[in-house]
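A.B. asks: Okay, here's what each chain looks like letter by letter:
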Amino acid sequence: MLEIKNLEASINNKKILNGLNLIIKSGEVHAIMGPNGSGKSTLANVLSGKAGYEISGELNFQGESLKKLAVEERAQKGIFLAFQYPLEIPGVNTNIFLKTSLNSVLKAKGKKELDTLSFLKMVKEKSSELGIDEKILSRQLNVGFSGGEKKKNEILQMKVLDPILSILDETDSGLDIDALKIVAKGVNSSRSSKKSFLIITHYQRLLDYIKPDFVHVLSKGKIVKTGCGDLAEELEKTGYEKLN
Amino acid sequence: MFENFDINSNEIDKIKKITQEEKNFRVKNLEFFKSAGFPNKRSEDWKFSDFNEIVNKNFYKLDIKKVISNNSKIDLIKDFDHNYIFLINGDFHSSNFDFEEKNKIKINKYNEDIKYQNTKNPLICLNHALADNGYSLEVDKNYKFKKVLVIYNFFTKDMKNKILNNKNTIKINENSELHIIEYTINESKFKFISNVYENVVLEKNAILKNLYVQHNKSEGFFHKFLRSKLFFKSDYSNLIFSSGLKFNKLDIECDLMQENCTCNILSALFLKKNEHQEIKTRINHLAPNCKSYQKVKNVISSDSKGVYQGKIFVKDIAQKTNAYQLSKALLLNDNAEFNSKPELEIYADDVKCSHGSTSGSIDESSLYYLMSRGISRKDSTNLLIKGFLNDVIELIKSPIIKKFIEKKLEDHVNGYHSY
Numbered sequence: 526m527l528e529i530k531n532l533e534a535s536i537n538n539k540k541i542l543n544g545l546n547l548i549i550k551s552g553e554v555h556a557i558m559g560p561n562g563s564g565k566s567t568l569a570n571v572l573s574g575k576a577g578y579e580i581s582g583e584l585n586f587q588g589e590s591l592k593k594l595a596v597e598e599r600a601q602k603g604i605f606l607a608f609q610y611p612l613e614i615p616g617v618n619t620n621i622f623l624k625t626s627l628n629s630v631l632k633a634k635g636k637k638e639l640d641t642l643s644f645l646k647m648v649k650e651k652s653s654e655l656g657i658d659e660k661i662l663s664r665q666l667n668v669g670f671s672g673g674e675k676k677k678n679e680i681l682q683m684k685v686l687d688p689i690l691s692i693l694d695e696t697d698s699g700l701d702i703d704a705l706k707i708v709a710k711g712v713n714s715s716r717s718s719k720k721s722f723l724i725i726t727h728y729q730r731l732l733d734y735i736k737p738d739f740v741h742v743l744s745k746g747k748i749v750k751t752g753c754g755d756l757a758e759e760l761e762k763t764g765y766e767k768l769n
Numbered sequence: 005m006f007e008n009f010d011i012n013s014n015e016i017d018k019i020k021k022i023t024q025e026e027k028n029f030r031v032k033n034l035e036f037f038k039s040a041g042f043p044n045k046r047s048e049d050w051k052f053s054d055f056n057e058i059v060n061k062n063f064y065k066l067d068i069k070k071v072i073s074n075n076s077k078i079d080l081i082k083d084f085d086h087n088y089i090f091l092i093n094g095d096f097h098s099s100n101f102d103f104e105e106k107n108k109i110k111i112n113k114y115n116e117d118i119k120y121q122n123t124k125n126p127l128i129c130l131n132h133a134l135a136d137n138g139y140s141l142e143v144d145k146n147y148k149f150k151k152v153l154v155i156y157n158f159f160t161k162d163m164k165n166k167i168l169n170n171k172n173t174i175k176i177n178e179n180s181e182l183h184i185i186e187y188t189i190n191e192s193k194f195k196f197i198s199n200v201y202e203n204v205v206l207e208k209n210a211i212l213k214n215l216y217v218q219h220n221k222s223e224g225f226f227h228k229f230l231r232s233k234l235f236f237k238s239d240y241s242n243l244i245f246s247s248g249l250k251f252n253k254l255d256i257e258c259d260l261m262q263e264n265c266t267c268n269i270l271s272a273l274f275l276k277k278n279e280h281q282e283i284k285t286r287i288n289h290l291a292p293n294c295k296s297y298q299k300v301k302n303v304i305s306s307d308s309k310g311v312y313q314g315k316i317f318v319k320d321i322a323q324k325t326n327a328y329q330l331s332k333a334l335l336l337n338d339n340a341e342f343n344s345k346p347e348l349e350i351y352a353d354d355v356k357c358s359h360g361s362t363s364g365s366i367d368e369s370s371l372y373y374l375m376s377r378g379i380s381r382k383d384s385t386n387l388l389i390k391g392f393l394n395d396v397i398e399l400i401k402s403p404i405i406k407k408f409i410e411k412k413l414e415d416h417v418n419g420y421h422s423y
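In order, the protein sequences belong to chains A and B. In terms of the numbering used here, the first sequence is numbered consecutively and its last residue is 769. In terms of the numbering used here, the second sequence is numbered consecutively and its last residue is 423.
Keep in mind that the hints were calculated from the coordinates and are not lab data. Keep in mind the model is a prediction, meaning the values are calculated, not measured. The beta carbon of each residue, even a glycine, is placed where N, CA and C say it ideally should be. Treat the hints with care, as some may be off.
Partial selection, computed: residues in chain A whose CB lies under 7 Å from chain B [claimed, not checked]:
(1) K575
(2) E579
(3) A600
(4) Q601
(5) L606
(6) Q609
(7) L612
(8) T625
With a Cα cut of at most 25 Å, we get these calculated DMTMM-like pairs of lysine to aspartate or glutamate [unchecked claim]:
(9) A:K637 <-> B:D367
(10) A:K624 <-> B:D95
(11) A:K624 <-> B:D67
(12) A:K634 <-> B:D95
(13) B:K407 <-> A:E659
(14) B:K324 <-> B:E368
(15) A:K646 <-> B:D383
(16) A:K540 <-> B:D144
(17) A:K624 <-> B:D415
(18) B:K345 <-> B:D54
(19) B:K119 <-> B:D144
(20) B:K412 <-> B:D307
(21) B:K407 <-> A:D640
(22) A:K575 <-> B:D85
(23) B:K193 <-> B:D383
(24) A:K624 <-> B:E368
(25) B:K69 <-> B:E35
(26) A:K592 <-> B:D367
(27) A:K660 <-> B:E410
(28) A:K575 <-> B:D367
(29) A:K593 <-> B:E368
(30) B:K412 <-> A:D640
(31) A:K592 <-> B:D383
(32) B:K18 <-> B:D95
(33) A:K624 <-> B:E414
(34) A:K575 <-> B:E368
(35) B:K237 <-> B:E223
(36) B:K401 <-> B:D85
(37) A:K593 <-> B:D383
If you want a taste of the chain A side facing chain B, the calculated C-beta under 8 Å gives, among others [to be verified]:
(38) V630
(39) L686
(40) I689
Construct all of the structure, not just a fragment, from the sequences and the given hints.
C.D. replies: Listed below in structure tokens is the structure:
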């Protein structure tokens, strides 16, 4: 599904990703761990199409190069990024935003757009499934949301948009155990043979709830080690230092 | 180039039934206008809107002759029940107050003999000299309107190179309440000038809300001077959603005459190509314990210009004044211009006055966030524009009217395609 070959990315002439290789197949859950500044968020940003990066190497999603696709086209093709720091958008109602978003994706896929009533019904179902208080949906997008509410809102967006590849950029940071469970539930309930996940995290904690198929260690813009679930536990004990 | 816009003083003699005193007043004002000409940027009040230059650029001729149009049909708003007044090319045409107790309302063609202050604004002088039509509305004591009043401000298709001068007055007596929507409909494809002087008086405990919105866009150049006096505990709000006008200057002067009055001026504007809008305010806090609140939000796209000149004056006796003023502009590209001049003149020592002004472009990271959810750049921009203007629209209490305004604004924003 996702094939990254020798990916290099720099911003303001500073090289962040330095020959990164990664293959994610359909149905797999990959976790990426790594120290601060290793390039984890840059990888997430580059995959979502954020502007400002100089990029070389190959970046293929479902056999198609992502390089020429704009941010919204990638999202329409099924790439979703749960932001590390979701932005506050004053004046924009969360429900209206979500509906616009879902209908943009449906329209791009040539599917029928949802009317307000069926949209609201669907969102209500998804939020109660996740245990998210639907009151946040009538508020302005992320404005005045607590850290936990923002992250839960990201997961709800993921559930609503139903992407093929979900990238979670440190979604677990700053979450209490209940919110962490909601995030994990969001991922686990979506797992299927057609969907893949790339979970970026600092801690093994989240991986107690989401069992990854592979764990990668990113250091200085490269994957330096790959293993299965126990690698995360090992890292928790030994730290990143010893790997180098 | 514009030929001299010359008005013969015998134009004043065409106005029927005027006293010698009134005639003298009109002649004096006409003389002032003739010597000053249209206001230009040398005058502080017009420094960001050089009206003389605007007239020269847009009109090769201009006259004051009225045309009488017969075949005008006005489509009433169907979204909500309302009373109405029809103005055709600024003149009072007819009214309908079927939802109200008619003996509580006086509505006439403008005929009041008000002692006007002397002014150095040539456009007001021109209005004083020539205006002889418009409406006078008075609401009796202790009467709360059941339905909103829509003032259909209709301009016929034969408006071309005309300058229209009109006067209106609104008086709300003690304990009464009225909500107005001034709804401008334009059928003319040509340029014209509408120059209005409006006088508002709110007696004790009176409430007036005035909302401005357009049905469609217009090549017209609009200037309105709005003079209001507020007495004990009265409450006056102006909500301005005027969009799609070639030029619009709303000059609002509000005297808070007695204690506990409130004046709100709120606006959410979206200016498209080559449009120019100015909101100029002067709030005079003349008595203690009054409140004024101004919030002006402009979205400005290519080659358009937004201006806000807001002044708060606090007289020495006006202690415990609470005055707030904020203007914010969202500039959509490099050719968009926003000029803001906040002014505070305070002679009392126990007051709360604040002002702020910001302007900036669309936040790229917000745009990225929305686009990462599959929303196109254009739609994301539109969402951010609506979000920016939304906190003013949120202040409309009636859900039906809010929806009506939202729809108007949405059509206007969606019709914007420079991305």
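A.B. asks: Are the hints correct? Go through all of them and say.
C.D. replies: Hint check:
no. : hint              : verdict
1   : K575              : holds, 6 Å
2   : E579              : violated, 17 Å
3   : A600              : holds, 4 Å
4   : Q601              : holds, 5 Å
5   : L606              : holds, 6 Å
6   : Q609              : violated, 12 Å
7   : L612              : holds, 4 Å
8   : T625              : holds, 6 Å
9   : A:K637 <-> B:D367 : violated, 31 Å
10  : A:K624 <-> B:D95  : violated, 46 Å
11  : A:K624 <-> B:D67  : violated, 52 Å
12  : A:K634 <-> B:D95  : violated, 55 Å
13  : B:K407 <-> A:E659 : holds, 23 Å
14  : B:K324 <-> B:E368 : violated, 42 Å
15  : A:K646 <-> B:D383 : holds, 24 Å
16  : A:K540 <-> B:D144 : violated, 75 Å
17  : A:K624 <-> B:D415 : holds, 18 Å
18  : B:K345 <-> B:D54  : holds, 16 Å
19  : B:K119 <-> B:D144 : holds, 22 Å
20  : B:K412 <-> B:D307 : holds, 22 Å
21  : B:K407 <-> A:D640 : holds, 18 Å
22  : A:K575 <-> B:D85  : violated, 49 Å
23  : B:K193 <-> B:D383 : violated, 30 Å
24  : A:K624 <-> B:E368 : holds, 21 Å
25  : B:K69 <-> B:E35   : holds, 19 Å
26  : A:K592 <-> B:D367 : holds, 24 Å
27  : A:K660 <-> B:E410 : holds, 23 Å
28  : A:K575 <-> B:D367 : holds, 14 Å
29  : A:K593 <-> B:E368 : holds, 19 Å
30  : B:K412 <-> A:D640 : holds, 21 Å
31  : A:K592 <-> B:D383 : holds, 22 Å
32  : B:K18 <-> B:D95   : holds, 16 Å
33  : A:K624 <-> B:E414 : holds, 16 Å
34  : A:K575 <-> B:E368 : holds, 10 Å
35  : B:K237 <-> B:E223 : violated, 40 Å
36  : B:K401 <-> B:D85  : holds, 16 Å
37  : A:K593 <-> B:D383 : holds, 20 Å
38  : V630              : holds, 4 Å
39  : L686              : holds, 7 Å
40  : I689              : violated, 13 Å
Checked against the numbered hints listed earlier, the structure breaks hints 2, 6, 9, 10, 11, 12, 14, 16, 22, 23, 35, 40; every other hint is satisfied.
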